[in-house]
Structure formats: C-alpha cells, structure tokens
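Go ahead and model the full structure; you've got the sequences and the hints to work with.
Note that our numbering numbers the sequence shown so that position 297 is 677, with each residue one more than the last.
Please note that the accuracy of each hint is not assured.
[To be verified] Keeping only pairs whose Cα atoms sit at most 25 angstroms apart, straight-line, the calculated BS3-like set for lysine-lysine is:
(1) K486 to K436
(2) K656 to K695
(3) K695 to K591
(4) K656 to K684
(5) K447 to K436
(6) K656 to K680
(7) K695 to K684
Read the hints as simulated data drawn from the structure, not as lab findings.
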Amino acid sequence: MSSNEKSVKEVAEDLKSAAADAGKDLKDHAQDALDSARHGAREAADAVQDAVDDVKDSAHAAAGSAKRALKKAKHRLEDEATDPNAFIDDLAARAPELAGLSAPLKQVEGALNMLGLAKRCKARILQASTSEVYGDPMVHPQPETYWGNVNPVGVRSCYDEGKRCAETLFMDYRRMNGVDIRIIRIFNTYGPRMNPNDGRVVSNFIVQALKGEDITIYGTGRQTRSFQYVDDLVEGMVRMMNTEGFSGPVNLGNPVEFTMLELAEKVIEMTGSSSKTVFRPLPLDDPAQRKPDIRLAGEKLGWKPNIPLEKGLEKTIAYFRSIL
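Now the structure itself:
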C-alpha cells in the first residue's frame with residue numbers, strides 16, 4: 381500500500397467523523413428551527429393576547445359608554461315625564477296570531493315597568509288594551525261593563541289573559557299608588573305601514589290579493605269584525621289622554637260590522653285582483669263576532685270614527701302596492 385493510500389480503517393474513521401459532523405450540523409439546524417418556531421409561537425401568542433386585551437378594553441369601554449348613555453336617557457326620560465304635560469303610552473304588543481307563549485309574560489313585565497316609571501315620575505300613563513279582553517262575546521255589541529267570555533287555558537288565552545292582567549295592574553296602581561292611568565280597548569285597526577306578515581286579516585287579504593294568491597278565509601267567513609282606520613284610533617287616544625277625570629276603560633273602534641266574506645270581496649274588488657277565496661278550518665276560540673259599543677267614548681271623549689272602510693282600504697292598498 382502506498383503512502384497516498386488510506387487503509388480501510390482510516391477511511392472508516394473519516395466516514396464516521398464526517399457522519400458525526402453532519403449529525404451535529406443537522407442537530408444544530410433542527411435546534412435553531414425549533415428555537416425559531418418557539419419564538420414565533422411566543423410572538424403569535426403575545427399578539428393574540430394583545431388582541432384579546434384590546435377587545436376586552438374596547439368591550440369594557442363600550443359597556444361603560446352604553447351604561448352612561450342608558451343612565452343619561454333614563455334621567456332624561458324621568459325629567460321629561462315629570463313635566464305635567466308629559467304622558468306615557470304603553471302600546472307594545474304583538475298580534476295574538478303571532479304572540480306565542482311569551483305574550484302574557486312580556487305584556488305583564490312591560491306594564492309593570494311602565495307603571496313603575498309613571499309612579500316615580502308622577503306621569504299620566506295610557507294602557508293600549510284590546511277587544512280580546514271580551515273573548516268570544518255572549519253580549520253584542522260589547523260595552524265596557526261586559527266582563528267577557530274568555531277561555532283561560534285556550535290557544536288564544538296567552539294574549540287575552542296577558543291584556544286582562546295588564547288592565548288589572550293599571551287599576552291596582554291607580555287604587556294603591558294614585559297613578560294617573562288611562563285604559564283604552566282597541567278594536568280591529570288597520571292602515572298604512574302595517575307589517576305584511578303580522579297575521580292580521582286586513583293585511584293578509586290585501587297582500588294575497590295584490591300577489592294574485594288565494595284569499596284565505598277561516599271557517600264559513602260569516603264571522604264578523606269591525607274595522608277602524610288608524611287615524612281615527614290616534615284621535616281617540618289623544619282625546620283620552622287629554623280628558624281629565626276619566627280613566628276608562630273605554631272602547632275605541634268602528635261599530636260598522638262586516639263579515640270576513642264581505643271584507644274579502646271588497647279587497648278583491650278594490651285591488652282588481654283575480655284571487656279566489658279558499659276556506660280553511662276555523663282556529664280554536666276564534667270569536668264569532670266583534671262590534672264595539674262606543675257610546676261611552678262619545679259621552680266622555682266626544683269621539684267617534686269618521687273614516688269609512690272603503691276610504692281606509694284605498695289608502696292601505698296603495699301603501700302595500702308600494703312595498704310589494
């Protein structure tokens with residue numbers, strides 16, 4: 381073997397040394413990569429924590445701002461309500477067809493909240509009650525002295541009893557706390573800006589007619605309702621709130637009575653629709669007739685409705701044409 385040639389042993393040692401060096405380099409690179417990843421993860425975690433802290437700070441600031449705004453609005457409302465010329469109107473409610481099981485709870489909670497405000501501020505407060513307190517009446521037309529015929533456990537009772545309970549609360553707050561209350565019982569009311577999906581018969585019929593759909597009538601269509609235009613209702617509400625020494629309850633409605641078939645035929649005629657009438661089963665506890673006795677409103681408020689159904693429907697149909 382020449383001096384320039386390495387023995388097998390020497391070659392093996394060289395390879396072993398080279399492999400060790402390569403392994404060390406690989407280990408060093410891997411450690412560097414791991415350290416870099418850990419550093420990046422720490423930076424990412426820090427960035428996420430900074431973002432979370434920013435969100436918390438923003439949420440805290442927003443909550444504080446909202447709390448201050450609510451407190452300011454509450455004080456402003458109470459300041460305004462202490463004005464002897466300021467009134468509170470409790471108008472919140474949903475149609476019984478859509479009210480659902482939460483209706484009585486919401487109505488009672490809302491009534492208590494508004495009565496508490498009126499008591500604190502010594503303000504006059506109006507409760508928008510409803511003809512539903514009469515249920516399926518055995519007396520026709522319905523005077524305010526009639527106590528009603530209401531099923532307390534029926535499918536409509538959530539809405540009916542919620543309104544009856546609200547009236548009770550208003551009367552008790554007057555008797556026990558001297559709150560200056562007003563109660564009106566609103567019969568079927570219609571007009572522009574009604575929700576097309578709120579389940580009320582006038583809006584249902586108009587929307588179906590304008591879309592060329594079948595007009596849905598429940599039962600035989602011979603059940604009756606009395607329809608007042610919204611402007612007449614507003615006039616009655618204003619007079620009620622401005623009348624001294626009379627708390628109600630008082631009926632506000634139009635005593636001109638129509639069957640559901642008559643209303644459907646009138647809507648089809650006035651819309652020029654080709655819709656047909658179809659009949660569906662009558663819902664449980666649906667009243668057979670509704671007609672307000674408005675003699676008390678005339679005596680105490682000097683009020684009566686002035687807008688006939690045809691004129692009111694004309695304006696209401698025009699509104700629905702503009703949004704459909």
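Structure-based check of all given hints:
no., hint, in the structure
1, K486 to K436, "violated (32 angstroms)"
2, K656 to K695, "holds (23 angstroms)"
3, K695 to K591, "holds (18 angstroms)"
4, K656 to K684, "violated (34 angstroms)"
5, K447 to K436, "holds (16 angstroms)"
6, K656 to K680, "violated (44 angstroms)"
7, K695 to K684, "holds (20 angstroms)"
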